[in-house]
Amino acid sequence: MDRLERALTGCPRHRRGLAEANDSDKVIDDESKLALSMDVSNFKPEELKVNLDGRTLTIEGKQEVKDDNGYSMRSFVRQWTLPEEVDIEQIRSHLTENGQLSIEAPKTKPPAASARSIPIQQASKEQ
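Numbering (full-length UniProt numbering), first residue to last: 1 to 127.
Each hint should be verified, as a subset may be incorrect.
Pairwise CB distance ranges (calculated) [stated by the list, open to error]:
1) K33 <-> K125: 51 to 61 Å
2) D29 <-> I118: 29 to 39 Å
3) K125 <-> D53: 55 to 65 Å
Under the rule of at most 27 Å between Cα atoms (straight-line distance), these lysine-lysine pairs were calculated in the BS3-like manner [claimed, not checked]:
4) K26 <-> K107
5) K33 <-> K109
6) K66 <-> K49
7) K49 <-> K33
8) K26 <-> K109
For the record, the hints were derived by calculation from the structure and aren't laboratory data. Glycine is no exception: its CB is placed at the ideal position from the N, C-alpha and C atoms.
With these hints in hand, go ahead and build the complete structure from the sequences.
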């Protein structure tokens with residue numbers, strides 16, 4: 001069904017997981033950051049939305065054109081569930097002049113394991 005929908009509209013309805021990015025979407029998922037990039041050059045900035053609900057990132061575009069010959073509408077929705085290590089408080093988006101939308105967020109580093117001594121508690125002797 002996604003193949004048919006992509007062939008007809010250029011995009012599937014929803015995406016879950018970073019590995020399922022559309023062919024035109026670029027995903028960089030390395031140790032330090034998560035970065036997404038997609039071509040939205042057919043849309044004006046005011047026709048785009050980027051939302052975060054919990055760990056679900058949604059990118060939407062909706063365009064309606066009315067002229068003397070009729071009416072046309074173009075839309076897309078992309079949705080990803082962000083991994084736990086992504087710092088969602090630091091997520092940023094940027095739209096370039098040539099219509100590339102990029103979204104980037106750093107990853108949090110797990111606490112470093114350190115060596116330490118653990119004291120032994122002794123049970124008290126009852127008299």
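Hints not upheld, ascending by number
Those not satisfied: there are none.
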